[in-house]
Amino acid sequence: MKASLATSAALHALVLTWALVSIGSPESFDVADVEAMPVDIVPIEELTQIQQGDKKAPMAEKSAPVPTKRQDPVENAENSGDNDIDLKTPPTPNDKPQKTETAAAPPKAEQTMPTPEPTPEPAEQVQPSEPASTPATEVAAEAAPKQEVTPEATPEEKPAEEAPAEVAEAEAMPDNVPVPEIRPQPPQPQTAKTPDRKNEEKKQEQKKAASAKESDFNADEVAALLNKTEAKGGGAKRSTETASLGGKKTTGGSKLSMSEMDALRGIIQNNWSIIPGMADATEVRIKVTMQLDPDGNIVGEPSVVATGGSDAARRALAGGARRAILKSAPFDKLPKDKYDAWSEVVVNFDPSEMM
Amino acid sequence: MEQVGLAATADVSLWSLFMQAGLVVKLVMVGLIAASIWTWAIVVDKTLAFNKARRQLDSFEQVFWSGQSLEELYRTLSDRQTSGMSAMFVAAMREWKKSFERGARSPIGLQMRIDRAMDVTLARESEALEARLGSLATIGSAGPFIGLFGTVVGIMTSFQAIAGSKSTNLAVVAPGIAEALLATAIGLLAAIPAVIAYNKFTADAGKITARMEGFADEFSAILSRQIDEKLQPRQAAQ
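Chains A and B are the protein sequences, given in the same order.
Mapping of the first sequence onto the working numbering: position 11 corresponds to residue 11, and the numbering continues sequentially without gaps.
If you want the working numbering, it's the 1-based position in the second sequence plus 1000.
I should point out that these hints are in silico values taken from the structure, not numbers from a laboratory.
Glycine included, every Cβ here is placed at the ideal spot set by N, Cα and C.
Treat the hints with care, since some could be wrong.
[Claimed, not checked] Label pairs and their computed distance ranges (CB to CB):
#	chain 1	residue 1	chain 2	residue 2	range
1	B	L1181	A	D262	45 to 51 angstroms
2	A	D262	B	L1170	45 to 51 angstroms
3	B	S1167	A	A57	50 to 56 angstroms
[Unchecked claim] In silico negatives: residues of chain A with every beta carbon more than 12 angstroms from chain B:
#	residue
4	A19
5	V74
6	I274
7	D295
8	D337
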């Protein structure tokens, strides 16, 4: 046994020595240095949106607006240009941009705003002259001849002042005038009234014209007059790249992505409870249309239209869908910058998928 | 870049791996190498012993069946150190001689005693054949587990080192894991030959024992015939 143990030990020593000598350090992997490449996942929607650029410039891979002369950046500027303040109006050429504010042309909706209707005031103001035309009292009768003589002279200007004067005259008169002898002349309403009516109309026209002038008030004109300088338009977004074809403004993806739609669907679905086993429920289709404000609140009442199925099922499911919508509001998880896409939302409910 | 440089300088040859290992892993490796040495010592020893036993069986059978007188054969063999079949033959003949010298009465009792003597010798011989095979079995079954233990401890310490260095760079992890895996490799290196050798030697020992049992039965039959032949004339004379 001792001999074989020695043999074995010798064999092991041999093998280990051989292994240590021949199986040295294995060759290390020589991996060439590879630059890490940043990879962005860009949704196709962003590429298909209109990018800011120049409408007249030739097409390039990346659209860019006309390069601006100034380089100082302005925060949150959207429209390209050399202006200090970001304005929507296009820049006027051949002139140095100056620090003048220019308001954009008022939108059409504002222009067509109905002018304030003529108030019924003129009628009231004219009324004081009316007593003259009507034979109300004996005392007042004396005023009537005056009207006949100069029908167009005074009443236009100060009808309100005339009346008190007459009253004062009437008060003073009674002592001098022999009252019973003079027959009170029957007043001639037709001749007296005609000038009055014309006056009223004229006054109304005048007021209309005044109100129309008021609506034409333009802050720009005032500002321009005050500044004594010509207003300059143009945005404040700087650009250094060569101009290439593109839109006036980058339209940020105005479509909800699938995940956002799923989120909306998930919120509503969680709140939609269906009574299981309802007859005919699977045939009912409900369409809910609702308007949302930028905060995600529902504006007004959502309109619910249910079709198919039995009357009772339709009524029950439509009520349920309406409750689900109201319960899910406000939809504040929707992206604010895509408000255009979800200002009006149409939700189709299909109960067969829930059962 | 610092870590890349570290990886380049890290020595991963076998010796450096062994020296870098922790105390427990080192102990496991040394123990496994000792087990491997012991395994191969047994392999060498058993191979030689079995060859010798087989050779002796062959030569004894040749002599036994050569028609030589059993008395003569006993006389030549009783002086020598015997093993295997010859030992069984010597034991049986000794018992035979003793019984006849004292004048045995019962042939059945004599037969039984001779069988016992041969059985005892057979058991002793087969025990000698199978000696140390148990340790082969132990090394074969426990070796991988011991190696695995070393690996687990090594990986554990290397992970503790990673936690300390606060870097998960592969260059930091690799040497520790490589050194830990070396323990499993050595464990397998010791266990695989041990298992193969154990299976082979168990089968060989079984064959040799069966051959010896066959001889014992045959010799017992011969002796029983002899007993009948020798006792009947005596009984007839009485």
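Comparing the hints with the structure gives:
{"no.": "1", "hint": "B:L1181 - A:D262: 45 to 51 angstroms", "result": "holds (48 angstroms)"}
{"no.": "2", "hint": "A:D262 - B:L1170: 45 to 51 angstroms", "result": "violated (39 angstroms)"}
{"no.": "3", "hint": "B:S1167 - A:A57: 50 to 56 angstroms", "result": "holds (51 angstroms)"}
{"no.": "4", "hint": "A19", "result": "violated (6 angstroms)"}
{"no.": "5", "hint": "V74", "result": "holds (42 angstroms)"}
{"no.": "6", "hint": "I274", "result": "holds (50 angstroms)"}
{"no.": "7", "hint": "D295", "result": "holds (45 angstroms)"}
{"no.": "8", "hint": "D337", "result": "holds (39 angstroms)"}
Comparing the model with each earlier hint shows violations of hints 2 and 4; every other hint is respected.
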